[in-house]
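Working from the sequences, and respecting the hints, build out all of it.
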Amino acid sequence: MILAATSTAVNDSGFQPYWYLILGALLFSIGAVGLLVRRNPLVMLMCVELMLNAVNLTFVTFGTMLNDIGGQVIVFFVLVVAAAEVVVGLGIIVAVMRRRPDATADDISALRG
Amino acid sequence: MEAAVFIVCAVIVLAGAFGVVLSRNPVHSALSLVATLFGIAVLFLNQDAQLLAVVQVIVYTGAIVVLILFVLMLLGVDRDDDLDEDPIVGQRVLAILAGLALLGGLLAVFIAGKNEVATGQHSATAAIRTDLSNIAQLGRQIFTTWIFAFEITAGLLTVAVIGAVVMARRPDSYEPLPEPADMDDDGRYVDPADENESGSAEVGA
Chain A
1 MILAATSTAV
11 NDSGFQPYWY
21 LILGALLFSI
31 GAVGLLVRRN
41 PLVMLMCVEL
51 MLNAVNLTFV
61 TFGTMLNDIG
71 GQVIVFFVLV
81 VAAAEVVVGL
91 GIIVAVMRRR
101 PDATADDISA
111 LRG
Chain B
1 MEAAVFIVCA
11 VIVLAGAFGV
21 VLSRNPVHSA
31 LSLVATLFGI
41 AVLFLNQDAQ
51 LLAVVQVIVY
61 TGAIVVLILF
71 VLMLLGVDRD
81 DDLDEDPIVG
91 QRVLAILAGL
101 ALLGGLLAVF
111 IAGKNEVATG
121 QHSATAAIRT
131 DLSNIAQLGR
141 QIFTTWIFAF
151 EITAGLLTVA
161 VIGAVVMARR
171 PDSYEPLPEP
181 ADMDDDGRYV
191 DPADENESGS
201 AEVGA
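Sequence order for the protein chains is A and B. Each residue of the first sequence is one higher than the one before, starting from 1 at the first, in the numbering used here. Each residue of the second sequence is one higher than the one before, starting from 1 at the first, in the numbering used here.
No lab work stands behind these hints, which were simulated from the structure alone. Model, not experiment: these values are computed from the prediction. Misleading hints may appear alongside valid ones.
To spell it out: a stretch of chain A is covered by chain B in this simulated footprint if at least three of its residues, at any positions, have a beta carbon under 8 Å from a beta carbon of chain B; those stretches are [said to hold, decoys possible]:
(1) 27-41
(2) 57-71
(3) 76-83
All residues carry an ideal CB built from backbone N, CA and C; glycine is no exception.
Right, here's the structure in full:
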């Protein structure tokens, strides 16, 4: 498996590394549609996580394709930023929900809580 | 073997993603998100990114999703959403069209490029090596090439933690904002004390 990862050659089972990219594209699109359709702020946050994970998968695949460990280093930083984003996002949601327990994204469009 | 693992994980990842978007109950969305994140972790493992697979499970499923579930339970917003009505007319249709356009563009690039879609030089200084463990290579890169970004990350996390504490803190007392001062006809703010003084001066003149 190590040899398969360091080269983009086709192995005998017909597996192609760009399948990972197609899965990442599907995952990113599902997350984007969810972000646009859902109105619960927490579910929207989860959809952002889906999109971030799609990008992470794509980064790792590109790193494998170009034989570069940098692709994995970037994912490491994306993970940290995602954690910070969730912490701040949940802080905002808690502050908003305390005043209006059933707020949706439409209700808080003016950011007045 | 890699293909079999990929297909199983892809099914889990996509099923979880649809579960996040389509579940009426936010708790079900969060649990579907766990399935997706686990699938992604196995796909990292499939590509020999062992450290990232472990960090994915610990940070995402262990910390982020649990944090989201905590907030869901604490705020009691875990009741079902009404997905039948469309609050803005045509929003759902437009969102799906935009998503399909995005997907079409991405797939066009990836299918046209196949395995050569990532163009550019192969790395000379940070190539993936087979004689070192994944963790050793990542650690070496993070603490040499990316040391500045790594240190900025510490600042980002500190700011995020302080911001979350400030925002989630329950204020001791809601102090109402003071009433805005009156304006005179020219649009200048009038201080009540000042007004009395000038009024008496005019009377004196």
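Query raised in the report: Against chain B, does the stretch 27-41 of chain A show at least 3 residues with beta-carbon separation below 8 Å?
Result: n = 13 at 8 Å, threshold three: holds.
Query raised in the report: Are there at least three residues in the stretch 57-71 of chain A whose beta carbon sits under 8 Å from a beta carbon of chain B?
Result: This one holds; 12 residues, not fewer than the three required, reach chain B with a Cβ under 8 Å.
**Report entry** Outcome, coverage hint (the stretch 76-83 of chain A, chain B; C-beta under 8 Å; three residues)
**Finding:** holds (count 7)
Every hint, counting from the list given before, is met by this structure.
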